[in-house]
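2 protein chains.
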Amino acid sequence: MSFRHKIIPMKTPNKTKFAILGLLTIEPLSGYDIKKFIDQTLSYFWAESNGQLYPALQELTKSKWISLKKPSFKEKKARKLYSITDLGLLELKKWLRSEEEKSVHRDEGLLKLFFGTNIDKEECMQHLKNRRARMKSRLTEFQSILHQLQKRSSPHHLYWLLTLYNGIHSVKAEIRWCNQSIKILEGRSS
Amino acid sequence: MSFRHKIIPMKTPNKTKFAILGLLTIEPLSGYDIKKFIDQTLSYFWAESNGQLYPALQELTKSKWISLKKPSFKEKKARKLYSITDLGLLELKKWLRSEEEKSVHRDEGLLKLFFGTNIDKEECMQHLKNRRARMKSRLTEFQSILHQLQKRSSPHHLYWLLTLYNGIHSVKAEIRWCNQSIKILEGRSS
DNA sequence: GATTACATGTAAGTTGTTACATGATTAA
DNA sequence: TTAATCATGTAACAACTTACATGTAATC
Numbered sequence: 001m002s003f004r005h006k007i008i009p010m011k012t013p014n015k016t017k018f019a020i021l022g023l024l025t026i027e028p029l030s031g032y033d034i035k036k037f038i039d040q041t042l043s044y045f046w047a048e049s050n051g052q053l054y055p056a057l058q059e060l061t062k063s064k065w066i067s068l069k070k071p072s073f074k075e076k077k078a079r080k081l082y083s084i085t086d087l088g089l090l091e092l093k094k095w096l097r098s099e100e101e102k103s104v105h106r107d108e109g110l111l112k113l114f115f116g117t118n119i120d121k122e123e124c125m126q127h128l129k130n131r132r133a134r135m136k137s138r139l140t141e142f143q144s145i146l147h148q149l150q151k152r153s154s155p156h157h158l159y160w161l162l163t164l165y166n167g168i169h170s171v172k173a174e175i176r177w178c179n180q181s182i183k184i185l186e187g188r189s190s
Numbered sequence: 001m002s003f004r005h006k007i008i009p010m011k012t013p014n015k016t017k018f019a020i021l022g023l024l025t026i027e028p029l030s031g032y033d034i035k036k037f038i039d040q041t042l043s044y045f046w047a048e049s050n051g052q053l054y055p056a057l058q059e060l061t062k063s064k065w066i067s068l069k070k071p072s073f074k075e076k077k078a079r080k081l082y083s084i085t086d087l088g089l090l091e092l093k094k095w096l097r098s099e100e101e102k103s104v105h106r107d108e109g110l111l112k113l114f115f116g117t118n119i120d121k122e123e124c125m126q127h128l129k130n131r132r133a134r135m136k137s138r139l140t141e142f143q144s145i146l147h148q149l150q151k152r153s154s155p156h157h158l159y160w161l162l163t164l165y166n167g168i169h170s171v172k173a174e175i176r177w178c179n180q181s182i183k184i185l186e187g188r189s190s
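Protein chains in written order, with our numbering: chain P, 1 to 190; chain H, 1 to 190.
Quick caveat, the hints were computed from the structure, so don't treat them as lab data.
One copy or any two copies: either way a pair holds, since identical chains are not told apart in the list.
Here are the simulated EDC-like pairs of lysine to aspartate or glutamate, each with C-alpha atoms no more than 20 Å apart in a straight line: (1) K183 - E123; (2) K183 - E122; (3) K93 - E123; (4) K129 - E99.
Being a predicted model, the structure only gives us computed values, none of them experimental.
Model the full assembly from the supplied sequences, consistent with the hints where possible.
See below:
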């Protein structure tokens with residue numbers, strides 16, 4: 001005999017909300033703006049889809065962490081501009097100060113390489129060369145963003161630069177690893 | 001008036017199945033073995049939970065990509081040993097040869113740093129120091145695995161080494177970036 | 001007039017985790 | 001005999017994506 005307890009799975013905090021809150025500390029934005037900003041600027045380490053974004057905006061409004069600025073009668077567009085509230089800022093800071101949780105990401109390319117014995121060495125090398133090419137074009141992109149960022153200046157600018165550096169360090173390490181791995185595979189007769 | 005088409009979202013291929021197939025090319029394994037292997041060896045770039053693993057094993061069996069070896073009457077444990085079938089190997093190879101899909105991972109630490117202006121510089125630095133410490137202990141772990149791996153030898157061994165090198169390159173790049181970022185923040189008066 | 005970009009949203013699905021249950025085997 | 005580990009599995013939920021609908025505004 002055993003007691004049957006109700007299963008109450010621990011909720012993993014919804015980080016989408018904090019991404020939104022963070023962006024609204026820069027300036028009031030619409031859902032559309034937020035999506036664009038994330039796609040253009042955070043995409044290296046963060047992604048959101050509309051299916052998450054818009055419901056999150058509604059929930060944040062309900063819990064008064066953000067508020068809807070009604071468009072002035074001059075404004076032509078039907079866009080909804082959101083601002084962060086004092087409460088929202090408080091919650092954002094709480095999250096910013098909290099310890100990071102480990103998040104395992106899944107790297108399909110590495111999984112394929114791990115099982116590389118099952119296909120030809122040449123096919124593995126081709127995958128590595130493709131990966132290297134992707135990383136190189138990413139590096140070029142990062143460096144052009146770096147150029148633009150170094151010209152501008154805002155309170156946020158320093159931290160944006162740091163996250164960009166992370167991307168640059170990472171892709172450079174990836175490129176070095178691809179080069180090394182390709183060489184190692186080339187050296188193998190089989 | 002508009003035609004209302006049935007919504008049939010494109011299925012994103014279930015990679016859990018391929019992780020299982022790949023591991024079964026090494027040797028017949030039970031669900032428990034697979035979980036342990038993934039946790040111990042692939043955890044740097046791959047994770048699975050039991051809630052995915054066991055249903056996947058059943059589906060793979062149903063579609064005849066793997067088969068259940070009935071335990072010999074001598075075997076004491078109630079474990080189910082699975083082997084990959086010819087069909088399964090074919091499908092695995094197909095996947096191994098396919099082009100990699102981009103997968104955006106979410107890095108909560110970078111997201112926090114991006115919004116760093118909202119908290120004290122010292123708090124951001126503390127996050128970076130914690131990250132660096134985590135990366136350093138990961139590096140130590142990788143290096144001890146490297147030691148063990150260099151002693152053993154199997155057809156798979158070379159590819160395992162390559163994925164391990166990827167981890168080593170990555171964490172080293174992370175450590176360098178943490179050091180640089182901490183220095184940059186220290187240099188700031190604000 | 002047509003096309004592209006702006007703008008908000010939802011239905012339906014897949015994917016993945018958590019927190020259990022259940023029972024066998026092994027070691028102290 | 002008690003505890004730990006081995007071993008398989010599931011219910012409930014949370015997270016997330018895709019593929020749409022719907023309409024406005026700007027531009028070619």
